[in-house]
Amino acid sequence: MSEDKQKLINDAVEKALSGDADAVNNIEDRVTRAKAKAALVKAKREQPKKEDSNDDASKSDEKEQPLSDNTVQKVSASLIAKFPKSLDGEQNSDWIQLKPESWFEIAKWLKDNPDFYFDSLQCNTGFDLGEGLLESRYNLHSMKHLHSIEIRIKVSVEKPDIPSVESIWRVADWFERETYDMFGINFIGHSDLRRILLPEDWEGWPLRKDYEEQETYHGIVVPKVKEGWE
Amino acid sequence: MGLLENRFDDNVVVEKLDKLLSWARSTSPWFFQFGTACCAIEMMAAAASRHDLMRIGIIPRSSPRQADVMIVAGTVTMKMALRVKKLYEQMADPKYVVAMGSCATSGGPYWQHGYHVLKGVDLVIPVDVYVPGCPPRPEALIEGLLKLQEQILEGRPLTRKTG
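In order, the protein sequences belong to chains A and B. Numbering-wise (my numbering), the first sequence opens with residue 1 and increments by one. Numbering-wise (my numbering), the second sequence opens with residue 1 and increments by one.
Just to be clear, a hint being listed does not mean it is correct.
To be verified - In silico DSBU-like pairs for lysine-lysine, Cα to Cα no more than 30 Å straight-line:
#1 B:Lys79 / A:Lys209
#2 A:Lys99 / A:Lys111
#3 A:Lys42 / A:Lys85
#4 A:Lys74 / A:Lys37
#5 B:Lys79 / A:Lys159
#6 A:Lys159 / A:Lys85
To be verified - To give a feel for the contact side, a few chain B residues facing chain A, derived at Cβ under 7 Å:
#7 Met78
#8 Lys79
#9 Ala81
#10 Tyr115
#11 Leu123
Keep in mind that the hints were calculated from the coordinates and are not lab data. All C-beta atoms in this analysis are idealised placements derived from N, C-alpha and C, irrespective of residue type, glycine included.
Modelling step: build the complete structure from the supplied sequences, incorporating the hints.
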């Protein structure tokens with residue numbers, strides 16, 4: 001690039017940054033104009049960083065926290081006020097750990113409360129944590145406020161009962177059926193809690209860590225039988 | 001030589017009825033149109049215009065009653081195995097089975113840990129031709145079907161089996 005053009009671009013970018021938006025658009029040569037636009041974008045991207053580093057350090061503490069963390073902390077703060085004793089163990093800024101007992105009321109409140117308005121259950125999945133503990137995790141999202149949180153509920157293998165939220169989020173119907181199918185977590189109050197993927201007369205819960213597959217299914221051998229194929 | 005010599009006009013071929021029947025069968029093994037997984041895509045490609053199974057007399061039929069060949073195209077889960085068996089039983093004799101792809105022949109990638117996958121469709125129904133591949137290309141399927149045609153041609157439907 002010739003020095004003239006480089007100078008032209010630099011001038012245009014400087015003008016644009018100081019408020020004259022047409023400075024770049026008025027460049028006649030198409031290629032030079034494109035280069036000037038690219039330079040302008042780059043300059044704009046670098047600008048706020050410089051201001052940040054120059055500004056006082058006290059403000060940056062507040063800015064460091066992302067929005068999602070704020071949501072979790074906001075929700076858990078109001079949860080403690082509204083449903084004391086509903087939180088389970090130590091909390092952190094990534095998810096909310098709940099006890100199963102009052103989950104239905106909390107879910108209803110999370111959906112109806114205008115401050116949070118979690119109208120979308122994006123996912124429900126199960127976990128086998130080992131040591132006789134199962135966990136059900138819910139990812140909630142608000143279409144209105146565009147924020148999201150994760151709820152985790154631990155239950156024991158001996159009594160894997162969690163209230164169903166099917167009547168709150170309709171989509172939970174099949175989510176909970178799948179979690180039931182794979183982990184054997186009972187969703188109390190679900191209208192139609194059957195296996196969804198596996199056949200109805202299947203034995204056991206396949207994604208639990210202590211799962212052992214059954215020998216036969218309707219006379220068909222289930223484990224691998226053809227020796228010498230590997 | 002023999003009894004039949006010079007007894008017929010030109011353009012007449014004398015053969016066993018057995019061979020005529022198996023020839024007729026081998027040139028039109030219509031297959032049952034259903035797929036259980038990704039192999040079905042290759043089966044569709046084989047039946048479509050580029051590979052054109054129709055030129056060797058093979059066309060898909062949508063009902064097991066009208067089909068001679070069942071191409072098991074894809075993973076067969078335990079839940080599906082009972083249905084596959086039922087569909088096979090609904091087909092009219094003579095019937096043949098082609099196990100297409102790794103899953104249908106041996107369980108494929110679900111061999112070790114797939115608790116829900118049938119380890120080869122031959123545990124449920126008798127298989128005539130195995131086509132390896134994951135999934136096999138249409139050429140491989142056509143090769144398998146040609147092998148099946150050879151098998152049918154060798155068959156003797158009218159000859160009483162001994163033993």
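Exercise for the section: With a cut-off of 30 Å on the C-alpha distance, tell me whether Lys42 (chain A) and Lys85 (chain A) pass. Expected result: Status violated; Cα separation ~51 Å.
Problem - Interface hint outcome for Met78 (chain B) [beta carbon to chain A under 7 Å] - result: holds, 5 Å
Practice task
Quickly compare the C-alpha distance for Lys159 (chain A) and Lys85 (chain A) to 30 Å and report which way the hint goes.
Solution key: Judged against 30 Å, a Cα distance of about 20 Å means the pair holds.
Problem - Straight-line alpha-carbon gap Lys74 (chain A) to Lys37 (chain A), limit 30 Å - result: Status violated; Cα separation ~41 Å.
Handout entry: Agreement of Lys99 (chain A) and Lys111 (chain A) with the hint, judged by alpha carbon distance not exceeding 30 Å
Key = Satisfied, since the Cα-Cα distance of roughly 18 Å is no more than 30 Å.
Exercise for the section: Take a quick look at whether Lys79 (chain B) and Lys159 (chain A) sit within 30 Å of each other, Cα to Cα. Expected result: Cα-Cα ~29 Å, so holds.
Practice task
Please work out if Lys79 (chain B) and Lys209 (chain A) have their alpha carbons no farther apart than 30 Å.
Solution key: holds, 23 Å
Problem - Minimum beta-carbon distance criterion (7 Å), Leu123 (chain B) to chain A - result: holds, 6 Å
Handout entry: Interface hint outcome for Lys79 (chain B) [beta carbon to chain A under 7 Å]
Key = Because about 4 Å separates Lys79 (chain B) from the closest Cβ in chain A, which is inside the 7 Å limit, the hint holds.
Handout entry: Ala81 (chain B) as an interface hint toward chain A, with CB separation required under 7 Å
Key = holds, 6 Å
Exercise for the section: Against chain A, run the beta carbon of Tyr115 (chain B) and see if the smallest gap drops under 7 Å. Expected result: At about 4 Å, which falls below the 7 Å cut-off, the nearest Cβ of chain A leaves the hint on Tyr115 (chain B) intact, so it holds.
Comparing the model with each numbered hint stated earlier shows that hints 3 and 4 do not hold.
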